[in-house]
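Just need the whole structure built from these sequences, with the hints factored in.
Be aware that the sequence shown starts at 13, since it is given in my numbering, and climbs by one per residue.
To be clear, the hints were calculated from the coordinates, so they are not data collected in a lab.
There may be inaccurate statements among the hints.
[Stated by the list, open to error] In silico DSS-like pairs for lysine-lysine, Cα to Cα no more than 27 Å straight-line:
hint : residue 1 : residue 2
1    : K82       : K347
2    : K82       : K95
3    : K95       : K16
4    : K381      : K391
5    : K435      : K391
6    : K294      : K352
7    : K82       : K16
8    : K294      : K323
9    : K381      : K435
10   : K171      : K347
11   : K347      : K381
12   : K95       : K323
13   : K352      : K171
14   : K323      : K352
15   : K294      : K347
16   : K435      : K95
17   : K435      : K16
18   : K82       : K171
19   : K82       : K352
[To be verified] Derived Cβ-Cβ restraints for the label pairs, each shown as a range:
hint : residue 1 : residue 2 : range
20   : D107      : N375      : 48 to 58 Å
21   : Q79       : G246      : 51 to 61 Å
22   : D107      : N386      : 19 to 29 Å
23   : R243      : P356      : 42 to 52 Å
24   : R451      : D120      : 56 to 66 Å
25   : N255      : Q79       : 52 to 62 Å
All figures in this text were calculated on a predicted structure; none of them were measured in a lab.
Beta carbons are placed, not taken as given, at the ideal position from N, Cα and C, and that holds for glycine.
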Amino acid sequence: MNWKYRREITITNVNGTLTDYQILVELNSSNFNFSHAQENGSDIRFVASDDETLLSHWIEVWNATNQSAKIWVNVSEVTEGTKIFMYYGNENASDASDVNATFIRVIDGVVGAWHFDEGSGTIAHDTSGEGNDGTLYDANTANDDGNTPPQWIDGKFGKALEFDGVDDYVDCGNSSSLQLNGAWSVSAWFLVRSLSHNSGIIEKNWPSRAEKRFAMWVEKTDKFLAFDVVRSDGIRVNTRTSNNLISFDTWYHAVAVYNGTDIKLYVNGNLEAISSPGEIGKLDVGNLVIGYAHPEEVLNGTVDYVHIYNKSLSAEEISDLYNNYGYTTPNYPNKVLVRKYTEPEPVAIVGEEVEGIFTAIANFLTIEKEIGANYILWKWSCTNPDALVDVFVDGVEVLSAVSAVSGEYLLTDVNENELHIIKIANSFNTSDYVRDEARTLPPFSFFLALLLTTFVLLVITFATTSTVRVIA
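Next up, the structure:
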């Protein structure tokens with residue numbers, strides 16, 4: 013397999029050492045020539061700093077017409093200045109983009125995802141692919157709270173929304189994708205600043221408490237987290253944690269999971285409460301609202317990273333979401349890609365293009381050898397027809413840029429019982445090589461080999477040459 017082009021990628025903005033980290037590589041007309049790659053980017057490959065170890069990657073976006081691409085690469089170890097290499101320009105290469113190998117986990121079924129990373133404006137975009145964008149509101153313009161909707165601030169991951177505890181909220185509408193039925197899950201990261209009243213995190217709004225809806229909220233006195241749901245028969249079921257679970261100015265990850273029978277409430281990856289409402293029915297009444305659970309139960313705090321799923325999350329999925337970051341993008345609708353996250357996020361800088369015939373031989377070249385008392389004959393063959401190789405014996409180059417398809421090198425005038433090493437290296441990538449060791453025969457072994465050969469020849473009475481050949 014041959015690649016015509018290579019670019020060095022330098023990873024900066026790194027604190028400490030990161031392991032198995034998903035690095036975002038962004039390509040555009042200023043740092044990449046899209047005409048040099050396949051139309052869909054199938055020939056893109058990434059290798060580690062050793063210029064040999066293949067790295068898993070996933071192409072989120074590849075638009076050759078607009079000359080833009082977003083590619084996630086799983087790098088096994090990252091420190092400040094770590095270098096990896098990107099290869100491309102191979103018309104015969106098949107697509108190697110693999111989302112499952114690149115990310116920690118891929119979770120299906122997300123129908124609403126608000127990460128609040130816009131940082132400005134009055135729209136919180138839904139990145140699930142369902143288009144449930146939320147609008148930021150200040151409900152009462154007649155009071156003296158500043159008449160501003162929720163404010164953009166630094167959050168758990170990137171930006172978040174801060175609610176004033178008076179009348180701020182985000183309305184995400186009531187599309188069919190948000191009308192949950194059967195199994196579902198609701199999750200959010202939140203922080204409470206004060207509790208002068210019960211404080212809502214997220215809810216499916218209702219005209220009256222007799223309507224079908226749900227609400228996640230924090231109780232003002234006993235500081236427990238609760239999840240309420242009203243069944244289709246009007247019965248309200250409350251699932252609540254133990255008292256004093258919630259502290260001020262502390263981030264919590266809360267997930268309510270309904271499997272068709274039971275509701276489980278998780279906090280920071282731990283199962284904290286369970287109830288059994290039985291069949292709930294379709295939650296089709298009222299809009300999905302973030303920042304309160306009732307007009308008098310408005311959050312004084314911060315919300316980040318809200319997800320709605322049309323499935324019941326497993327305990328393992330919840331644990332992964334708590335310990336990592338659930339990336340969502342309209343480019344891959346209804347999926348959550350669990351990845352590692354640190355601040356600041358690493359930055360990938362794409363270097364200059366280098367042109368050549370970048371081949372691979374390590375998995376395609378084989379070596380045989382013939383050994384005597386004072387010589388070694390190495391023979392090699394390679395299934396890559398275009399590869400060129402440099403040949404080194406005991407660290408000294410003996411052949412340069414010769415064909416890898418077939419070849420041989422005879423080492424003569426060597427001592428008996430002496431070790432020698434051959435290295436056949438890719439002419440365009442010295443870290444891509446095949447190595448072999450051979451030891452010349454000691455006098456006694458050579459004599460035995462010769463004697464055995466003579467004996468066999470006498471037994472079968474078949475004329476042949478007296479060359480001794482040992483294939484290792």
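Hint check:
| no. | hint | verdict |
| --- | --- | --- |
| 1 | K82 with K347 | holds, 17 Å |
| 2 | K82 with K95 | holds, 18 Å |
| 3 | K95 with K16 | holds, 20 Å |
| 4 | K381 with K391 | holds, 6 Å |
| 5 | K435 with K391 | holds, 12 Å |
| 6 | K294 with K352 | violated, 35 Å |
| 7 | K82 with K16 | holds, 21 Å |
| 8 | K294 with K323 | holds, 14 Å |
| 9 | K381 with K435 | holds, 13 Å |
| 10 | K171 with K347 | holds, 21 Å |
| 11 | K347 with K381 | violated, 53 Å |
| 12 | K95 with K323 | violated, 40 Å |
| 13 | K352 with K171 | holds, 17 Å |
| 14 | K323 with K352 | holds, 23 Å |
| 15 | K294 with K347 | holds, 23 Å |
| 16 | K435 with K95 | holds, 25 Å |
| 17 | K435 with K16 | holds, 24 Å |
| 18 | K82 with K171 | holds, 21 Å |
| 19 | K82 with K352 | holds, 17 Å |
| 20 | D107 with N375: 48 to 58 Å | violated, 19 Å |
| 21 | Q79 with G246: 51 to 61 Å | holds, 57 Å |
| 22 | D107 with N386: 19 to 29 Å | violated, 52 Å |
| 23 | R243 with P356: 42 to 52 Å | holds, 46 Å |
| 24 | R451 with D120: 56 to 66 Å | holds, 57 Å |
| 25 | N255 with Q79: 52 to 62 Å | holds, 57 Å |
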